[in-house]
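The sequence shown maps to residues 17 to 249 in this note's numbering.
Worth flagging that the hints you see were computed from the coordinates, not collected in a lab. Keep in mind the model is a prediction, meaning the values are calculated, not measured. Positions of the beta carbon are idealized from the N, C-alpha and C atoms, including for glycine. Hints are not guaranteed to be accurate.
Unchecked claim - Capping the alpha-carbon separation at 25 Å, the derived lysine-lysine pairs in BS3-like fashion look like this: (1) Lys146 <-> Lys190; (2) Lys240 <-> Lys227; (3) Lys190 <-> Lys55.
As the list claims (entries may be wrong) - Label pairs and their computed distance ranges (CB to CB): (4) Asp158 <-> Ser238: 19 to 25 Å; (5) Pro32 <-> Gln199: 16 to 22 Å; (6) Glu94 <-> Leu189: 31 to 37 Å; (7) Glu173 <-> Lys106: 19 to 25 Å; (8) Asp71 <-> Leu248: 29 to 35 Å; (9) Gln108 <-> His80: 24 to 30 Å; (10) Glu233 <-> Asn89: 19 to 25 Å; (11) Thr246 <-> Pro32: 33 to 39 Å; (12) Ala126 <-> Ser162: 34 to 40 Å; (13) Leu189 <-> Glu84: 28 to 34 Å; (14) Ile123 <-> Gly160: 26 to 32 Å; (15) Glu218 <-> Asp95: 36 to 42 Å.
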Amino acid sequence: MSLPEVEHPAPQRNAPLRMVVLISGSGSNLQALIDAQTKGLINTHIVAVISNRPDVKGLQRADHASIENHCLNHRDFEDRQSFDQALHQKIQHYQPDLVVLAGFMRILTAEFTRQYVGKMINIHPSLLPKYQGLNTHQRAIDDGQSQHGCSIHFVTEELDGGPVIAQAQVPVLKEDDAQALAQRVQQQEHWLFPQCVKWFGERRIALKTGKIYLDEEILPKSGKQFSGMTSLS
């Protein structure tokens with residue numbers, strides 16, 4: 017079944033950015049977005065949280081923040097296409113300006129992602145294009161990397177391959193195991209994700225012909241680079 021074509025009008029400059037957040041687990045990055053919104057650091061309205069897994073902590077976080085939330089269990093669908101169709105319909109009910117993948121662990125079909133070009137972003141725990149997929153922290157340690165980090169990118173048909181908006185780097189220490197490195201990277205995720213959402217809501221960032229513009233200047237393929245930052249700017 018084909019997905020209907022969707023138009024994405026630009027958000028009004030002074031209106032809160034309407035966001036739907038997709039999760040699969042604990043929702044620590046969701047919480048970072050909720051906290052930034054509550055403190056007025058980002059002009060957003062998280063209109064819904066959708067999880068593909070039941071009974072995850074992220075849904076509890078949404079409940080606690082009085083955000084509408086839903087479980088759309090992928091196991092209830094016979095194939096990936098039917099799940100994506102249902103997800104698309106659920107998202108469109110809320111008419112978001114931006115769809116945010118915050119630890120959403122489902123591979124989305126190309127047909128689905130084409131409906132949200134320039135309107136869907138994902139966070140990934142590596143310095144893309146290195147370490148697409150899973151187990152990124154252990155892979156970085158095993159390869160003897162001196163730097164690791166996280167990336168925020170627009171979602172395209174290519175898994176973890178969309179244009180990169182920004183990256184935050186952390187050092188890989190000799191004594192690191194995957195858990196210690198993951199914690200250090202996550203600290204960066206929790207400010208970088210709201211930062212990119214802030215840019216989007218202020219209409220400072222845009223995806224045009226496969227290139228990312230920040231304040232009307234083309235970003236390099238690796239996106240805006242940060243090291244040692246801990247808060248929004």
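Verification of the hints:
1. Straight-line distance between C-alpha atoms of Lys146 and Lys190 comes to about 20 Å, which keeps the hinted pair within the 25 Å bound.
2. For the proposed pair Lys240 and Lys227, the alpha carbon gap of about 13 Å is at most 25 Å, so the pair holds.
3. Restraint check: the Cα-Cα separation between Lys190 and Lys55 comes to about 37 Å, which exceeds 25 Å; the hinted pair is violated.
4. For the pair Asp158 and Ser238, the supplied restraint of 19 to 25 Å holds, since their beta-carbon distance comes to about 22 Å.
5. In this structure the supplied range 16 to 22 Å is violated for Pro32 paired with Gln199, their Cβ-Cβ distance being about 31 Å.
6. Take Glu94 and Leu189: their Cβ atoms lie about 46 Å apart, and the range 31 to 37 Å is violated.
7. Take Glu173 and Lys106: their Cβ atoms lie about 21 Å apart, and the range 19 to 25 Å holds.
8. Separation of Asp71 from Leu248 is about 32 Å and conforms to the stated range, judged on CB atoms against 29 to 35 Å.
9. For the pair Gln108 and His80, the supplied restraint of 24 to 30 Å holds, since their beta-carbon distance comes to about 26 Å.
10. Distance hint check: the CB atoms of Glu233 and Asn89 are about 43 Å apart, inconsistent with the given range 19 to 25 Å.
11. At about 25 Å, the CB distance of Thr246 to Pro32 disagrees with the hint of 33 to 39 Å.
12. A hinted range of 34 to 40 Å for the beta carbons of Ala126 and Ser162 is consistent with their spacing of about 35 Å.
13. Our hint of 28 to 34 Å for Leu189 and Glu84 is violated, since their Cβ atoms are close to 41 Å apart.
14. Between Ile123 and Gly160 the beta carbon distance is about 29 Å. The supplied range of 26 to 32 Å therefore holds.
15. Distance hint check: the CB atoms of Glu218 and Asp95 are about 39 Å apart, consistent with the given range 36 to 42 Å.
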